[in-house]
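Trainee: In case you want the letters, here they are:
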Amino acid sequence: MIQFESLSEFLNMGGYAFYVWLSYGVTFGSLGILLFLSLRQKRSVLLEISKKMEREDRLKETRSSR
Amino acid sequence: MWKWLHSYADPERAYKLASTLLPWFAFSAILFISVGTIWGMLFAPMDYQQGESFRIIYIHVPSASMSMAAYMAMASASFVGIVWQIKTADWVAASIAPIGAVITFIALLTGAAWGKPMWGTWWVWDARLTSELVLLFLYLGVISLYASFEDKVLAARAAGILAIVGVINIPIIKYSVDWWSSLHQPATIKITEKSAMPMEMLAPLLINIFGFGLMIGAITLVRYKAEILARNGMRPWVRELAKAEASK
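Chains as they are written, first to last, in the working numbering: chain A, 1213 to 1278; chain B, 192 to 439.
Calculated directly from the structure, the hints in this document are not laboratory data.
Treat the hints loosely; a few may be bogus.
[Stated by the list, open to error] DSBU-like, lysine-lysine: derived pairs with alpha carbons at most 35 Å apart:
id, chain 1, residue 1, chain 2, residue 2
1, B, Lys439, A, Lys1264
2, B, Lys381, A, Lys1254
3, B, Lys307, A, Lys1254
4, B, Lys439, A, Lys1272
5, B, Lys194, B, Lys343
6, B, Lys439, B, Lys278
7, A, Lys1263, B, Lys194
8, B, Lys385, A, Lys1254
9, B, Lys207, A, Lys1272
10, B, Lys434, B, Lys207
11, A, Lys1263, B, Lys343
12, B, Lys343, A, Lys1272
13, B, Lys278, A, Lys1272
14, B, Lys207, B, Lys278
[What the hints assert, rightly or not] Beyond 10 Å from chain A on every Cβ pair, some chain B residues (computed):
id, residue
15, Leu233
16, Ala378
17, Met390
[Claimed, not checked] Here are the computed distance ranges between Cβ atoms for each label pair:
id, chain 1, residue 1, chain 2, residue 2, range
18, A, Leu1259, B, Trp316, 43 to 49 Å
19, B, Arg426, A, Ile1214, 53 to 59 Å
20, A, Phe1230, B, Leu212, 35 to 41 Å
21, A, Asn1224, B, Leu324, 29 to 35 Å
22, A, Phe1230, B, Ala338, 33 to 39 Å
23, B, Thr379, A, Met1265, 50 to 56 Å
Glycine is no exception: its CB is placed at the ideal position from the N, C-alpha and C atoms.
Put together the whole structure using the sequences plus the hints.
Mentor: Shown next as C-alpha cells:
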C-alpha cells in the first residue's frame, strides 16, 4: 500500500524533503555521470588506437618513398 | 578443476566474456534498483522514530556495504594479478577502483544528509565515519597510483600493493560500531540472528543492496572492456575493432 496520500505529501517527505531528495539526487546524479563517462571510454580508446595506426602508416609511407 | 579459469588470462577471451555478461548484469541491476527504490520510497512503512527521513536507508546502506564489498573484490583481483602475474586480473582491479570511489562518496554523502536531521550534525570524527573516509582515500590512492606510471605492469603492482594493504581497513569499518562508542547505530541486518527490522522495511533494502552489487558489476564490465582495449592496442583483434570504430 502506498504510504502517501498525495504527490505533494510524497515530495514533502514528512518535512525531511531537503535531506531525502539531496541524498537521492546526489546518488543518482553521480551514478549517472559515472555511467556516462564509463560508456564513453571504449570509443575514445578505440579512436586513439586508430589514430596511432594512421601515424604508423604515414611513417611507413614516407620511409618507403625515400 | 579450476583450470578453465586460466583461459581468461587471454585478453580477447576475457573481453568476450565481459561482453556476454554485461547485458545480464545491466538488465538485472536496473530491475533490482527500480523495484527496491520504488518499494522503499513509496510502500515501506514510515519509521516511528525517524519519520520519513529513514528512507535514505535505501541508498545509504546499499552504497556503504557495497563500498566495502567492491574494495574486497578489487583487492582480490589485485592479489591474483600480483601472485600469479595475470594481467587481466590487474585490469579488473583498475576498473573497479573509480566505481568504488564513487560508491564510497555516495555512502558518505547520504550518511551526512541523514546525520544532519537525526544527530544534528553533518559530520563527526568518530570511528565509523572516519574509517569510511579512509576507504575513500584508499580508493583515490589506488586510482592515482595506477594513473601515475606509464608502464601499466608496474602501475598495477604499485596500486595492487596499496589495495592489498588497505584491506586492513575493512574489518575496522565493519566492527567500528562495536569496538568504539559511536553516534552511528550498530548493524541492522544480521546474518545469524533475527534482523532488527520488520520484513516490510527489510525486503526493499535487501533488494537494493543486491541491485547495487549488480550495478557495480555492470559498470565494472563496461570499464573493464575499455581497459582491455587500451592495454592491448598492438593486438590485431583490437586494431580490427579500432578500424571499425574509426570508419563509423
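Trainee: All the hints need checking, so say for each whether the structure fits it.
Mentor: Outcome of the hint check:
Restraint check: the Cα-Cα separation between B:Lys439 and A:Lys1264 comes to about 17 Å, which is no more than 35 Å; the hinted pair holds. For the hint linking B:Lys381 to A:Lys1254, the alpha-carbon distance of about 40 Å lies beyond 35 Å, and the restraint is violated. This hinted pair does not check out: B:Lys307 and A:Lys1254 have alpha carbons roughly 40 Å apart, beyond 35 Å. Restraint check for B:Lys439 and A:Lys1272: satisfied, since their Cα atoms lie roughly 25 Å apart, inside the 35 Å limit.
For the suggested pair B:Lys194 and B:Lys343, the alpha carbons sit about 26 Å apart, so the restraint of at most 35 Å is met. Among the hinted pairs, B:Lys439 with B:Lys278 is consistent with the structure: their alpha-carbon atoms are about 30 Å apart, no more than 35 Å. Pair hint A:Lys1263 plus B:Lys194 does not hold up; C-alpha atoms about 38 Å apart against a cutoff of 35 Å. In summary, the hint linking B:Lys385 to A:Lys1254 is not supported, as the alpha carbons are separated by about 45 Å, beyond the 35 Å threshold.
For the suggested pair B:Lys207 and A:Lys1272, the alpha carbons sit about 32 Å apart, so the restraint of at most 35 Å is met. In summary, the hint linking B:Lys434 to B:Lys207 is supported, as the alpha carbons are separated by about 18 Å, within the 35 Å threshold. In summary, the hint linking A:Lys1263 to B:Lys343 is supported, as the alpha carbons are separated by about 21 Å, within the 35 Å threshold. Restraint check: the Cα-Cα separation between B:Lys343 and A:Lys1272 comes to about 27 Å, which is no more than 35 Å; the hinted pair holds.
For the suggested pair B:Lys278 and A:Lys1272, the alpha carbons sit about 31 Å apart, so the restraint of at most 35 Å is met. With a C-alpha separation of about 16 Å, the suggested pairing of B:Lys207 with B:Lys278 holds against the 35 Å cut-off. Its closest Cβ contact with chain A, about 5 Å, brings B:Leu233 to no more than 10 Å, contrary to its assignment away from the interface. Against chain A, the non-interface label of B:Ala378 holds: every CB pair exceeds 10 Å, the least being about 20 Å.
With 10 Å as the threshold on Cβ separation, the claim that B:Met390 sits away from chain A holds: the shortest Cβ distance comes to roughly 15 Å. For the hinted restraint 43 to 49 Å between A:Leu1259 and B:Trp316, the CB-CB distance of approximately 46 Å keeps it satisfied. For B:Arg426 and A:Ile1214, the Cβ-Cβ distance of about 54 Å falls inside the hinted range of 53 to 59 Å, so the restraint holds. Against the hinted window of 35 to 41 Å, the Cβ-Cβ separation of A:Phe1230 and B:Leu212 comes to about 39 Å, which satisfies the hint.
For the pair A:Asn1224 and B:Leu324, the supplied restraint of 29 to 35 Å holds, since their beta-carbon distance comes to about 32 Å. In this structure, A:Phe1230 and B:Ala338 meet the distance hint of 33 to 39 Å, their C-beta atoms being roughly 36 Å apart. Checking the proposed 50 to 56 Å range against B:Thr379 and A:Met1265 shows it holds: the Cβ atoms sit about 55 Å from each other.
Hint compliance for this structure: hints 2, 3, 7, 8 and 15 are broken, all remaining hints hold.
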